[in-house]
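Based on the sequences and whatever the hints tell you, model everything.
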Amino acid sequence: MTTPRPFRLYSTLTRDVRPFEPVVPGQVGLYVCGMTVYDRCHVGHARAMVVFDTFVRWLRHNGWAVTFVRNFTDVDDKIIHRANERGEDPAALAQRYIDAFHDDATGLGLLPPDHEPRVSTSIDDIVRLIGTLIDKGHAYPSEGSVWFDVRTFPEYGKLSGQKIDELRSGDPDAGKRDAADFALWKAAKPGEPAWDSPWGKGRPGWHIECSAMSHAQLGATLDIHGGGLDLVFPHHENEVAQSECAHGATYARYWTHNGLLTMASGQKMGKSLGNVINVEDALAAFPAQTLRLYYLQNHYRSPLPWGPEALPDALAMVSRLYEAREVAESFEGDESADVVAKDLGEDAQAVLDLGRAFAAKFDQALDEDFNTAQALGFLFELARAVNRLGNHKKAKKRARPVVKPALDAFRLVASATGLLSQPTSAFLEEVREKRLSALGLARADIEQLIAQRDELRRDKKWAEADQLRAELDQKGIVVMDSPTGAEWRVRIQ
RNA sequence: GGCGCCGUCGCCAAGUGGUAAGGCAGAGGACUGCAAAUCCUCCACCGCCGGUUCGAUUCCGGCCGGCGCCUCCA
Numbered sequence: 330m331t332t333p334r335p336f337r338l339y340s341t342l343t344r345d346v347r348p349f350e351p352v353v354p355g356q357v358g359l360y361v362c363g364m365t366v367y368d369r370c371h372v373g374h375a376r377a378m379v380v381f382d383t384f385v386r387w388l389r390h391n392g393w394a395v396t397f398v399r400n401f402t403d404v405d406d407k408i409i410h411r412a413n414e415r416g417e418d419p420a421a422l423a424q425r426y427i428d429a430f431h432d433d434a435t436g437l438g439l440l441p442p443d444h445e446p447r448v449s450t451s452i453d454d455i456v457r458l459i460g461t462l463i464d465k466g467h468a469y470p471s472e473g474s475v476w477f478d479v480r481t482f483p484e485y486g487k488l489s490g491q492k493i494d495e496l497r498s499g500d501p502d503a504g505k506r507d508a509a510d511f512a513l514w515k516a517a518k519p520g521e522p523a524w525d526s527p528w529g530k531g532r533p534g535w536h537i538e539c540s541a542m543s544h545a546q547l548g549a550t551l552d553i554h555g556g557g558l559d560l561v562f563p564h565h566e567n568e569v570a571q572s573e574c575a576h577g578a579t580y581a582r583y584w585t586h587n588g589l590l591t592m593a594s595g596q597k598m599g600k601s602l603g604n605v606i607n608v609e610d611a612l613a614a615f616p617a618q619t620l621r622l623y624y625l626q627n628h629y630r631s632p633l634p635w636g637p638e639a640l641p642d643a644l645a646m647v648s649r650l651y652e653a654r655e656v657a658e659s660f661e662g663d664e665s666a667d668v669v670a671k672d673l674g675e676d677a678q679a680v681l682d683l684g685r686a687f688a689a690k691f692d693q694a695l696d697e698d699f700n701t702a703q704a705l706g707f708l709f710e711l712a713r714a715v716n717r718l719g720n721h722k723k724a725k726k727r728a729r730p731v732v733k734p735a736l737d738a739f740r741l742v743a744s745a746t747g748l749l750s751q752p753t754s755a756f757l758e759e760v761r762e763k764r765l766s767a768l769g770l771a772r773a774d775i776e777q778l779i780a781q782r783d784e785l786r787r788d789k790k791w792a793e794a795d796q797l798r799a800e801l802d803q804k805g806i807v808v809m810d811s812p813t814g815a816e817w818r819v820r821i822q
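Here the numbering used here is used: position 444 in the first sequence is 773, and no number is missing along the way.
I should point out that these hints are in silico values taken from the structure, not numbers from a laboratory. A hint or two may mislead.
Label-pair ranges, simulated between beta-carbon atoms [to be verified]:
1) V353 / P752: 57 to 65 Å
2) A578 / A508: 43 to 51 Å
3) G662 / Q693: 25 to 33 Å
4) E710 / K518: 58 to 66 Å
5) R506 / E350: 34 to 42 Å
6) D418 / Q703: 30 to 38 Å
7) E417 / E638: 31 to 39 Å
For each residue, glycine too, the CB sits at the ideal point set by N, CA and C.
Here it is, written out as structure tokens:
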């Protein structure tokens, strides 16, 4: 067991990047706020999922023992409202979207969390936690509900920078002592799911669930708490208040918030704005690796623009990487790398040097607040060098040892980020299938035309072959002739 | 009104107190029967105005512009 490599991480709490220091050496307890399951997962949610998935892969790759918890909010106002609209049982509706989420997670290539707690199966923990808060004087029952008394927590606002007295006060709910107090337990209303509690039938408030579920799995102090930037206030602020008042310990040592997807208008993508793209739809037209690259190409804390070009661009990029790896894999030879590099010249030397230097640069980028954008930049430099060498005819038979470090680099990327994790052929095949499907083309038709054209080319009937190629091009098929016959790709852009 | 973030090439984007990675798109070239792919070359002085400094895109202040949160939201 080697010592995990140290890294630095930004925390919303301190608003700066600082060395990561876990509660227990070598271990990372990570809690990420998951979905409220009343609708499909959209590409904005998926950013959070992929970012933290990648983060976990990278931590584990570096030897950290990560316990990754991501919850489902399956008891909630929005779920109840939607279920009522549809005349469906709320629990059944929630389960349906949990199943759908699991499909999307599989489609996105997400690692399963170590624990995936749900509100509906955590009621006992929640009730117990609320009881503790009442006992300690931080919460008070009122008319069948229980409220958190924010005035009893002097540090309230430390995460989001809000001050209680500066908050816009909404409608002061009957029974609240202060407009900023928030519900831990909501008294049951007719027709709503409800559980027994010492304060009467009811259901948990939104924030208490995460405090209860994270405590159950990871204890009083989390190493890292993650979620979308839009959760900082009030959700995460309230979690801090609940957990720290109940357990008397720092709730989370590092707060990690991913930036939001923004539309061309600059506005964020959000269900309430009605401008969302479902993961299911995105994955129907683009391989999961496309999404992963799209998310990782910029820093996780920055806003990420979404638009019609986002996925096509990302597909072009990730295809470039896979194809470069394919080139690297195609070399043969088993001589000494340095000897071959010397013989083949500077392009070979460049691949060797870049390959050997890659891991250090890659690690350095990720070690500084998980800078995947910079790390990918290094990867593209390496890919270009590989392709350059691939143009050398003499390289084919001898360059294997020279690209060995590059192949190691691709493996490193796959292990640490999940990018390039598919076999090249499988990826290219998936691209073909999905792009054909997106364009409404039948594979057999295309292959027949390609075969037809190969024949024309064999007979050197260039004009007719070119005509056919133009037809294919119009359909969106790009033909790539080679000595061994034509290959084809579906045009991305 | 309060809190916070951001403004780098047509688009996406990293980054540094000493004159700016990478990708997409575009132009020219090599290669090719012609193409495509690939490679090569070209393509920014970092919102504006001050200040600190020998020197700022990078630090400070102001301004303009955009966004997020303060109500459900990854």
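Tested hints:
1. V353 / P752: 57 to 65 Å: violated, 37 Å
2. A578 / A508: 43 to 51 Å: For A508 against A578, whose Cβ atoms are near 28 Å apart, the range 43 to 51 Å is violated.
3. G662 / Q693: 25 to 33 Å: holds, 31 Å
4. E710 / K518: 58 to 66 Å: holds, 60 Å
5. R506 / E350: 34 to 42 Å: holds, 38 Å
6. D418 / Q703: 30 to 38 Å: The hint (30 to 38 Å, Cβ to Cβ) is violated, given that D418 and Q703 are roughly 48 Å apart.
7. E417 / E638: 31 to 39 Å: At roughly 38 Å between Cβ atoms, E638 and E417 fall inside 31 to 39 Å, so the hint holds.
Going through the hint list in order, the structure does not satisfy hints 1, 2 and 6.
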